[in-house]
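Enquirer: Here is what each chain is made of, one letter per residue.
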Amino acid sequence: MAEVISIPRPRVRAVPGTVVRVLTYSATRLAVLFLTVVIGVYLTILVANMGGYVDVIKRATIREQIGLQVSLDPVMRRLPVEQRQARMEELVRIEEQTLGLDRPFLPRTFVYLQDALVLRLGFAERMTSDTGSRLVRNIIVDRLPSTLLLFVTAQLLLFVTSVLWALSLSRRYGSMMDKLVIALAPTSAPPAWFYGIFLILIFAALLRVLPFGGMVQAPPPESRLAYTLSVLRHMILPMTALFLTTVFLAVYSWRTFFLIFSSEDYVEVAKAKGLSSGAIERRYILRPTLPTIVTTFALGLIGAWTGAIVLETVFNWPGLGRALYQAIGLFDTPVIVGSTIIYAYLLAITVFVLDIVYALIDPRVKVGIEGRG
Amino acid sequence: MSRAFRDLLKYPSAAAGLAIIAFLVAMSIYAVATIPYSEAIRLWRGGEALWAENPRNASPVWVNLVPGRDLPRTIVVRSHQAVRTEKKLNGDVRQFSISLAFDYPYRKFPRELAVFFEPEYTDRAPNVALLWRSPDGNEIRLTEITVRRKEVYRISADSRLQQDLGGRPEVVLLGDPNAPDQPLRGRHELMIRGFLFDESSQLEPRLVVYGEVYGLAGTDHQRRDLIIPLLWGAPIAIAFGLLAAVGSTLSSLVIAAIGVWYGRWVDGLIQRITEVNLILPALPILIMIGTLYSRSIWVILGVVILLGVFGSGIKTYRALFIQVKEAPYIEAARAYGAGNLRAVFQYMIPRAVPVLVPQFVTLIPSFVFLEASLAVLGLGDPVLPTWGKVIEDAYRQGALFTGHYYWVLQPAVLLMLSGLGFTMLGFALDRVFNPRLREVS
Chain H
1 MAEVISIPRP RVRAVPGTVV RVLTYSATRL AVLFLTVVIG VYLTILVANM
51 GGYVDVIKRA TIREQIGLQV SLDPVMRRLP VEQRQARMEE LVRIEEQTLG
101 LDRPFLPRTF VYLQDALVLR LGFAERMTSD TGSRLVRNII VDRLPSTLLL
151 FVTAQLLLFV TSVLWALSLS RRYGSMMDKL VIALAPTSAP PAWFYGIFLI
201 LIFAALLRVL PFGGMVQAPP PESRLAYTLS VLRHMILPMT ALFLTTVFLA
251 VYSWRTFFLI FSSEDYVEVA KAKGLSSGAI ERRYILRPTL PTIVTTFALG
301 LIGAWTGAIV LETVFNWPGL GRALYQAIGL FDTPVIVGST IIYAYLLAIT
351 VFVLDIVYAL IDPRVKVGIE GRG
Chain X
1 MSRAFRDLLK YPSAAAGLAI IAFLVAMSIY AVATIPYSEA IRLWRGGEAL
51 WAENPRNASP VWVNLVPGRD LPRTIVVRSH QAVRTEKKLN GDVRQFSISL
101 AFDYPYRKFP RELAVFFEPE YTDRAPNVAL LWRSPDGNEI RLTEITVRRK
151 EVYRISADSR LQQDLGGRPE VVLLGDPNAP DQPLRGRHEL MIRGFLFDES
201 SQLEPRLVVY GEVYGLAGTD HQRRDLIIPL LWGAPIAIAF GLLAAVGSTL
251 SSLVIAAIGV WYGRWVDGLI QRITEVNLIL PALPILIMIG TLYSRSIWVI
301 LGVVILLGVF GSGIKTYRAL FIQVKEAPYI EAARAYGAGN LRAVFQYMIP
351 RAVPVLVPQF VTLIPSFVFL EASLAVLGLG DPVLPTWGKV IEDAYRQGAL
401 FTGHYYWVLQ PAVLLMLSGL GFTMLGFALD RVFNPRLREV S
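Line by line, the protein sequences are chains H and X.
Quick note, the first sequence lines up with residues 1 to 373 if you use the working numbering.
Quick note, the second sequence lines up with residues 1 to 441 if you use the working numbering.
Treat each hint with caution, since some may be false.
Claimed, not checked - Here chain X is said to cover these stretches of chain H; the calculated rule only asks that three of the stretch's residues, wherever they fall, bring their Cβ under 8 Å from a Cβ of chain X:
(1) 185 to 196
(2) 199 to 211
(3) 310 to 321
(4) 327 to 338
What the hints assert, rightly or not - Across the chosen pairs, the derived CB separations fall in these ranges:
(5) Arg282/H to Thr402/X: 49 to 57 Å
(6) Leu232/H to Gly166/X: 50 to 58 Å
(7) Leu330/H to Glu151/X: 32 to 40 Å
Please keep in mind that the hints were generated in silico from the structure rather than gathered at the bench.
Nothing here was measured: the structure is a model prediction, and the numbers come from that model.
Don't be surprised by glycine CBs; every beta carbon is placed ideally from N, CA and C.
For reference, chain X alone in the conformation it holds in the complex (with noise of 0.2 Å):
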């Protein structure tokens, strides 16, 4: 086995897929260990309010190393990093004021600002007004609101403030007045003053300044943080690729031998169920269930198996069985009087194993992208976050037509590795185990 897996290693493409394996299966764990499955879960399907503070669509930050692009990063100023004071008038009645103060380091405008308020009463709701203070001492009333309950300002889309601005808030706020098409660089401020009216009244806001780009792999358009399905869609694409591979070939394999090994009707139903089988539309019949019934990936996973336990792998199998129970060491395993089961599983099977394991590897991307395409197709798992699904959302929102390429090359490029990586493995085992290739290629 040692001599072989040097014999493997010598061929170059060999080690690259192995390499590629690793790589995956370190993301693998990286991500099982890092975000455990039900918090994967609720991040993926928590909806916009858990992902407020993302911008929408955001590129990931490597866009950033093209030189000359200098694209934005969202700036979270909260308040209990803040100057504030507060000072106690008539009652329990306070004035207070609160500076939400940061420095804007970009040649670009931020795609967006909103401040998110989580106010504390128990009567009488606080009361403010917003203020924004530029590096040049220029001062902007922005507004003045009652903050009943958890609530966004979101200045950029508050019409009346565009329109007494006479430009988007974030542009003119944030822009330098002899030059209007750059953000002034240097400190602005965001002055947040009012009252609070109970003794426990409490308010925490925060200015979120919402940049181009998010994270290590972007945002979507949800605003979710895209790094949960890429890391996550590894342990689920191996998972589901490698059940399906080794469900689908072992039950091949075992049913061959048997077919084999009984002959007669045995192998002749076998034969005809295989017939049959091939006639059936795979994907169709997954499509149909996944409509009709089920979408769980487990429930796929059942059906993909049980379709290709009848594949064309079963003639590949039985055709090298009827030579192998011609061997002469069989026929010794009968003489001294191996059971049917024994001769099968002892003698047999093990003679497939150099046939099975290229076949096996080779199968593994074809049940991932199985899984994709389904994903694709709208019929992926509903609560599992998974690279097709992300292709399947970058492909409805139109991400090849707005520009949002990294939303679906990420994914894209994540599902091109593992298929090679397993193909490249695949095909030089294929030619460690079976030499007549080796003579030739």
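One chain only, chain H, in its complex shape (with noise of 0.2 Å):
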């Protein structure tokens, strides 16, 4: 592993200590983190492999494969039949024997990893892509925007609320607004497409002021503008029942974690000292917290990852949790397995964002020692 890196302690050398610090970070972290998806990966392959599943995805493309290319051959359509039967037979067997079909499980399994790892997810058997295409990869490229546009947009605004808020509340707690803080917390037990239903049922059904649910108002507007607005008017309900899932509990636990450090001896120091407020929560509560505070971002939002599907599908959002909830629905095999796998990359591609900022921020974080500070 990479030798321990000291932090020079002068300003001006900062920088560029920093920087080589962040990069062999980064590499450390990326090598294991790979290591660590290539697990993950197989793990999902092992379970979606168990009955023979991916096996039948892959005979199927190959017969699909072939059975194109011999439809298309001049030469082949004018064989009668039954050579042309057995011609085709001879080609998949072929075909299946390149890609180890014929060998035993294990072995296999390493391929089919290799495949996944490099998005190879074979052809849909129901479902097609807006473009027509049946290749899953196509399928899931298509959804993933709509998904990273609600989903990260929320994460980002409940983040930056939910800090400013608890910051507001630690400097006055005890405060009314403080005591509804706590009492509302247990609030954020159920899941964002609970609420989803009670925002659809009043703003939808009841006050018909909102959508009921889809990205854009059928058929799409013409205009640039008009399309981005409508997009803004649909995201309305999702997000906010995203933002009433986990508001309070954040600022509540925000705010919590606030005190604790503001209670500490530098802060009095500081404060004895004569600082400002907004100068202490800068340099003595925010940044000492800044780790803490961006490993909950990311937790956050790998938790919205996996929560997107039952909440697309409550709200029709055309992402790639309701193409998972479509498959289930069509026993479309290969596009559950591709999204699985596609969710796994997200959360492994949140772990390294993670991990990178985190060696940004926290000089504490030395490589080759500990994981994490």
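Now that you have both chains on their own, put them together as the hints suggest.
Expert: Following this line, the structure appears as structure tokens:
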């Protein structure tokens, strides 16, 4: 492993030191995480494989490709049916052999692992992408942006609001507002889709002011501005649902966290020195708690990725989660396995970004000693 | 312990949480005691024949509590309470007439009218003519049928009758001739006249005047009484939440303790597994298992526990145990020669109880909602009546679009209650057991 990098004390040289530290650290973490992803995806494949389902996908893909190939080949088309059939079987056998489908299960799983890692996810059985493609990869690529749009926006908004709100509460704890937030913290037990149902009931069914679901109105507006506005309008309810399910608990735990930190001796000293409360917050409360803040943000995002499935279903949001839901309904195994792998990647990427940010903001992180500070 | 309990009750949220949990437990006990498991499954899975006398998508009766609203209930008139005459003709042939009479007190029309026949005969099926007599003495002939087997004559669905009457049968038959948009209150009567041809012949007809409301919980699209899944949802939800929470917290506690105690590669391995587990997408894996293998709640429970064992809880416990391991009393235990297992189970793990208990209680609702989430995705246990399944049915039938709000609201409120109850208790426990939080809150 890489050597320990000491952080130079003088301010001038802090920047290059940080860069080297972060780079080495990220490289190590990337390697470790890649290994983790490999193991994670392998486990996913084992789960999917136990019933031989991936085999079925593979064989179907081969048959489809070869069938297409045979039907397009003019020489083949002139052959009588039996001969053509025999030739096709022969081709399928050869192809299965090259892919190793005739080999025993265990070595074969490694072939699948390789395919999954390079996102060669095969063909969907029933679903198609918006452009009509049957490739699982295309289906997923179609849906991913809408999931990202909704969840990253909601998480960012939620994060900023809860941290700022918590700071202002920790300044005047014991106030009415403070007590209210504490009392409301248990409302975070239900997941977002649960609030979604109530929001749809109130704002769509009863008041009829906001849409029941979907991402844009039908037919989609022509102009770009109208389109954006329509998407924003459709985002209000799912975002509110995501917001309601986390905000009070988040504010509550942040405020408790900040309060614990603001009772530290160095904060008292800073107060005695007569620093402004803004400066104290920035330098002595926010700075040391930053790693925890970032971790919580990333963990929230991870939680949101998986929670997306039901929320998108409830709101008819055309994202990855809804694709997965549709795939369940259609028993489209390749799409289910493919989306699971994509979720594994999303989680891994989130963890990786978290690690880099961690290394940037937490000088205690040392490469090669402890994974996390 | 009793002091801790008294401390706990000082928090109003804890008292409220305990009250909610007590209510849910009482509901579970009531459900299990009054409707045995097999009976609940039979009723839930029995199909429409079992529920034929219930109206479809009827609201619960409590919607009538709204002032000025008086939705009709279902009226069932059975032949054994009815006035009947029977006259013997030549041979075995008997002429009979049965009058199924009922008082109609409501200001709104019923949803549907139907007559159920359960004939018994050996050779020739009974022949009947149906006649409707309204309170003002008006008589309308409905139809004439030969009842060959157990069958239902749906008066409201008879299109020829509808044509003859010039409107929906239940509206014309029950309507007030002077104010056609209102039912005529009073005693309506369905006369069934006909012939029985065999000696053993029997005909037990019953008239069902379907209402708009039914029972405490209403009915769903298959006419099933929703009280069954609402009541039975409680024990299932609590059992699932409790078992999953016990399974995952206890096992991760033990694993964390073992890892810290033995250190070195054991600890390293446990930490690596935790990191892999963090990347495994739990819900998609559950979905995959639900789709490919089994939807049984026990299989799902097992997988939930497996995925939860190496969850984020392990890191919390590990941090705690690292401190505990250095405590002098552990050293003392070592000095007197306590074995590894004894040290782990007698001295380390008990120290984590204050952290464990609140976490454990707060975890329960997350599993309850996980079960509901899977049910909403259509991956709920195929046999069990649960709250999540009711929400799923309602959603698939577009209950929010069609205005059947009770269908979604009732299970949702129960889910919300169980979520709030356990979380409120858990948060208060956290403050009682971890005084550092108490100082600042």
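Enquirer: If a hint holds in the structure, say so; if it does not, say that too.
Expert: Quick rundown of the hints versus the structure:
1. 185 to 196: This one holds; 9 residues, not fewer than the three required, reach chain X with a Cβ under 8 Å.
2. 199 to 211: holds (count 4)
3. 310 to 321: holds (count 3)
4. 327 to 338: It holds, with 6 qualifying residues against the three required.
5. Arg282/H to Thr402/X: 49 to 57 Å: Hint holds: Cβ distance 54 Å, inside 49 to 57 Å.
6. Leu232/H to Gly166/X: 50 to 58 Å: Since Leu232/H and Gly166/X have Cβ atoms about 52 Å apart, the given range 50 to 58 Å holds.
7. Leu330/H to Glu151/X: 32 to 40 Å: holds, 38 Å
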